[in-house]
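Student: Based on the provided sequences and hints, a complete structural model is requested.
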Amino acid sequence: MSAGQEPVAPLPPLGGLGFARWAWRQLTSMKTALILLFLLAIASIPGSILPQQGNDPLKVKEWIAGSPSIGRLLQSLGFFDVFAAPWFAAVYLLLFISLIGCVIPRARQHWRAMLAPPPSAPRNLDRLGGTVTLDVNAAPAEVLAGATEYLRRHRWRVVSGPAGTTHGAQWVAAEKGYLRETGNLVFHVALLLILASVAVGGLFGWKGNVIVKEGGGFANTVTQYDAWGGGRLVDSESLTPFSFTLDSFDVDFEREGSQRGAPKYFEAKVTYRDDPAASQQQSVIEVNAPLEVDRAKVFLVGHGYAPHFVVKDARGTVVFNDAVVFLPQDGNFTSTGVVKIPDSEPQLGLRGLFLPTASIDKIKGGQSVFPGPDNPAVFLSAWTGDLGLDTGMPQSVYRLDSESMTQIGLGTLRPGQIWDWQDGSGSVMFTGFDRWASFQIAYDPGKEGALISSILAITGLMLSLFVRRRRIWVKVLDPAGATTVVQVAGLTRSSSLDDIDLGALTDDIDALVREISRAEATPKEHS
Amino acid sequence: MTTAALAQASNAAIYAAMITLTFAMVAFAVSFAAGRRRVTAVAASVGVREGEGSVAVLTRPSDPGEQPEAGRRSANIAMSLTWLSFALLLAGVVMRGLWAGRVPWGNMYEFSISAALATLAVFLFLSLRTDVRWLGLFIVIPVLLTLGMAVTVLYTEAAQLVPALKSYWLVIHVSAAVICSGAFTIAAAAAGMGLLKGGLERRAVARTGSSDGVLARVPSVERLESFTNRVVAFSFPLWTFAVVAGAIWAENAWGRYWGWDPKETWAFITWVIFAAYLHARSTNGWRGSKASWIAIIGWLAFLINYFGVNFFVNSLHSYAGVS
Ligand code: HEM
Chain A
1 MSAGQEPVAP
11 LPPLGGLGFA
21 RWAWRQLTSM
31 KTALILLFLL
41 AIASIPGSIL
51 PQQGNDPLKV
61 KEWIAGSPSI
71 GRLLQSLGFF
81 DVFAAPWFAA
91 VYLLLFISLI
101 GCVIPRARQH
111 WRAMLAPPPS
121 APRNLDRLGG
131 TVTLDVNAAP
141 AEVLAGATEY
151 LRRHRWRVVS
161 GPAGTTHGAQ
171 WVAAEKGYLR
181 ETGNLVFHVA
191 LLLILASVAV
201 GGLFGWKGNV
211 IVKEGGGFAN
221 TVTQYDAWGG
231 GRLVDSESLT
241 PFSFTLDSFD
251 VDFEREGSQR
261 GAPKYFEAKV
271 TYRDDPAASQ
281 QQSVIEVNAP
291 LEVDRAKVFL
301 VGHGYAPHFV
311 VKDARGTVVF
321 NDAVVFLPQD
331 GNFTSTGVVK
341 IPDSEPQLGL
351 RGLFLPTASI
361 DKIKGGQSVF
371 PGPDNPAVFL
381 SAWTGDLGLD
391 TGMPQSVYRL
401 DSESMTQIGL
411 GTLRPGQIWD
421 WQDGSGSVMF
431 TGFDRWASFQ
441 IAYDPGKEGA
451 LISSILAITG
461 LMLSLFVRRR
471 RIWVKVLDPA
481 GATTVVQVAG
491 LTRSSSLDDI
501 DLGALTDDID
511 ALVREISRAE
521 ATPKEHS
Chain B
1 MTTAALAQAS
11 NAAIYAAMIT
21 LTFAMVAFAV
31 SFAAGRRRVT
41 AVAASVGVRE
51 GEGSVAVLTR
61 PSDPGEQPEA
71 GRRSANIAMS
81 LTWLSFALLL
91 AGVVMRGLWA
101 GRVPWGNMYE
111 FSISAALATL
121 AVFLFLSLRT
131 DVRWLGLFIV
141 IPVLLTLGMA
151 VTVLYTEAAQ
161 LVPALKSYWL
171 VIHVSAAVIC
181 SGAFTIAAAA
191 AGMGLLKGGL
201 ERRAVARTGS
211 SDGVLARVPS
221 VERLESFTNR
231 VVAFSFPLWT
241 FAVVAGAIWA
251 ENAWGRYWGW
261 DPKETWAFIT
271 WVIFAAYLHA
281 RSTNGWRGSK
291 ASWIAIIGWL
301 AFLINYFGVN
311 FFVNSLHSYA
321 GVS
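Respectively, the protein sequence lines represent chains A and B. Letter by letter, the first sequence follows residues 1 to 527 in our numbering. Letter by letter, the second sequence follows residues 1 to 323 in our numbering.
Any given hint might turn out to be false.
[Claimed, not checked] With a cut-off of at most 30 Å between alpha-carbon atoms, the simulated BS3-like pairs for lysine-lysine come out as follows:
{"#": "1", "chain 1": "A", "residue 1": "340", "chain 2": "A", "residue 2": "213"}
{"#": "2", "chain 1": "B", "residue 1": "290", "chain 2": "B", "residue 2": "197"}
{"#": "3", "chain 1": "A", "residue 1": "213", "chain 2": "A", "residue 2": "264"}
{"#": "4", "chain 1": "A", "residue 1": "340", "chain 2": "A", "residue 2": "59"}
{"#": "5", "chain 1": "B", "residue 1": "290", "chain 2": "A", "residue 2": "31"}
{"#": "6", "chain 1": "B", "residue 1": "197", "chain 2": "A", "residue 2": "31"}
[Stated by the list, open to error] Negatives, chain A to chain B, calculated, CB over 10 Å:
{"#": "7", "residue": "120"}
{"#": "8", "residue": "189"}
{"#": "9", "residue": "199"}
{"#": "10", "residue": "215"}
{"#": "11", "residue": "311"}
{"#": "12", "residue": "376"}
{"#": "13", "residue": "480"}
Because the hints were derived from the structure by calculation, they are not lab data. Glycine residues also receive a C-beta, built at the ideal position from the N, C-alpha and C atoms.
Tutor: Here's what the structure looks like:
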């Protein structure tokens, strides 16, 4: 491997082609690869310190609101989306271009090396470290034949020489460990394949989140998602047409010890079908156990409460009767949500705080002290007026815009209780609660490729790090002499200069020397 | 055994391991200090003589680290104590797992005692194949610090795993990562000693014209560097595997195999730095002290991932069990 030994041209030569060649040589040099690897590591750091758009868009907003001038500057430089930023892409693309420029010539060179016979013995074996000299009681041809046979048996590639001498062979050259370079090339190519697989997933994959209440259903179309994102080449009109209903959701929490309140398990029982024509099937989705439908995977990512309200207007007609998704605000599922009733006259709105295990604190107000529903209660504030739904501006279903509304009052309700509004405009009943589960549904056509490439990479890496490329020569010093004096020497070929390579070579030489020494058992036949 | 007794026995075993490790540390320190004297290197020759007329002489480089000398006794005592500490710690970790009724990798206390165990395991494993007593002091100290922090700051009662951690990929991913933590620590310790020895030698040569006696018990700088290389070469594929196993687990738990979560990002950074280390070992002008620095930086990145991300960053992986 000569990449490490390449001299670096001190100055770019003049002329377009000369410069291009010089630049290419710089880019594909080991030193550049090293520096680019460093840059890649450093460029990743801000992505772990600053909140990232992809993981936590809310945090990003908060951060920018906290220090607007720096925040906006960082945002325009892509620091809140580091792994999609052009400068990050520049680093890894340069690295991979360098990689390609490095791998192609090395692959060619390695191909030639694998076809070529091991190089003939150097004139002076003494110069190599650890050379062994023996005086053997056997004919030269016999010694060399024995050595050849032994080396072949141990899977060395062997040639003897020199070619065309009348005395027969004078030396044997052997080489082993070609898989080292093969493994190294496989590893580097596998890195390219991983990148390609990630790109395939990014272009053709999609991902969405949806909240489903117990008893509720979901069909896989973009409009049904609360949030959906797809790659540039996804046809969002023709997603795989599966559907499911959430039959029930079960969860249990730790009651004892320091991890009180931590979930012990949660599972969602669903009924699903692959497409509208298919038959129904049952399944249980758990954390770590997603449901796979038609190459997409449905993951359980969260859960919460959906308190059920029945609202009546002044005339006593039911204007609302449903469970409403409330979003948990802390580990004990203190949850907030709103009810909007645009069809009543005037319009009504409720802002609520749901507490699965309510505790009233004088300072903090209402708060839940345990995530399980041991003592459920809701705090409500009721509003009447204009919900502002007709302005055309999209509104969040979790926020009540009370700008043009007036407050009717505040109430606290336990399950089954009714709160009659004092102004006679109606009433609300808290009938109980359902649970909801949130699902992430993901389709990534690149992940199998990424997995296979990773396995290739690890295999190549292990070959490259653990196989030792080495050469051995056995040479008869004076073919016409009275006794047979043989020299054995070797060379390791790893550029990282690890003494374990030398150790392995020494063992090889020792074993071969022992084998040759054994040749004395047969009587010496000298001509 | 009742669970209360298991809990007590686990804690007792870990405290006992800390005591024997403290003695091991003292013994290593004594042997280290005793080694600080003049040592002359002797070339060892191995002769193979079989029957009449067949002579084989093989000259191999020898190393001062392998010389018999004063301090050897206390080094041997230290090694025995390290084996004993390893056995105690192993018992402590196993009983912790039995107490919790699962693999003992549910929170940072458990990760830390497992990492300490893995560090000792890798060190003792290496000691079976080559003489690494010179490294003992610098292994025992970080292990003791880790255990000390575990029993004071990080201690938590055993509890159920949070659902995201309930997966056999946890066992695979974490066991690989825990072994890597031990191996990276050892690589960084050897790299640090190489830098220290190299620096001291250069100063000694500048002052007295000779480098004898400087960290004499410690192998030559070249040996230290190649030892570091060997340990990194062992741990890098394992770390790659740990990262891939983590990605498979993440795909199963969260629906994406890679999401640049801070923990994943730092695993990637650690990986890239050790890849840079391996490159540096094959790049002219980078093979020596520069490569050693890279190994130390890689280990620091690993530590940042372990402590920094668990404590200070809001990550999907925040299951430290301390708050
Ligand atoms: C994506 C970035 C890269 C990564 C993560 C990477 C990683 C590695 C690793 C871990 C090794 C050590 C294992 C082995 O010896 O096979 C290695 C070796 C090597 N890499 Fe890379 N590499 C990258 C890019 C490159 C580039 C751009 C070049 C060419 C300039 C290159 C040239 C080499 C060479 C020549 C070796 C063999 C070193 C030896 O003989 O020991 N690599 N690489």
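Student: Are the Cα atoms of residue 340(A) and residue 213(A) separated by 30 Å or less?
Tutor: holds (17 Å)
Student: Beyond 10 Å on every Cβ pair: is that true for residue 120(A) relative to chain B?
Tutor: holds (23 Å)
Student: Would you assess whether residue 376(A), listed as outside the interface, keeps its beta-carbon beyond 10 Å of every beta-carbon in chain B?
Tutor: holds (23 Å)
Student: Could you let me know if the closest chain B CB is still more than 10 Å away from the CB of residue 199(A)?
Tutor: Check passes; 13 Å lies beyond 10 Å.
Student: Checking one constraint from the list: CA of residue 290(B) to CA of residue 31(A), max 30 Å. Satisfied?
Tutor: Status holds; Cα separation ~12 Å.
Student: With a cut-off of 30 Å on the C-alpha distance, tell me whether residue 290(B) and residue 197(B) pass.
Tutor: holds (14 Å)
Student: Since residue 311(A) was said not to touch the interface, does its Cβ keep a gap of more than 10 Å from each Cβ of chain B?
Tutor: holds (36 Å)
Student: For a C-alpha distance cap of 30 Å, please report whether residue 213(A) and residue 264(A) respect it.
Tutor: Holds: residue 213(A) and residue 264(A) sit about 21 Å apart, inside 30 Å.
Student: Against chain B, does residue 189(A) hold up as non-interface, every C-beta pair farther apart than 10 Å?
Tutor: Residue 189(A) is indeed farther than 10 Å from all Cβ atoms of chain B, at 15 Å.
Student: Since residue 215(A) was said not to touch the interface, does its Cβ keep a gap of more than 10 Å from each Cβ of chain B?
Tutor: Residue 215(A) clear of chain B: closest Cβ-Cβ about 23 Å, beyond 10 Å.
Student: Has the given pair, residue 197(B) with residue 31(A), been kept, meaning a C-alpha gap of at most 30 Å?
Tutor: holds (26 Å)
Student: Has the given pair, residue 340(A) with residue 59(A), been kept, meaning a C-alpha gap of at most 30 Å?
Tutor: holds (27 Å)
In summary, this structure violates none of the numbered hints.
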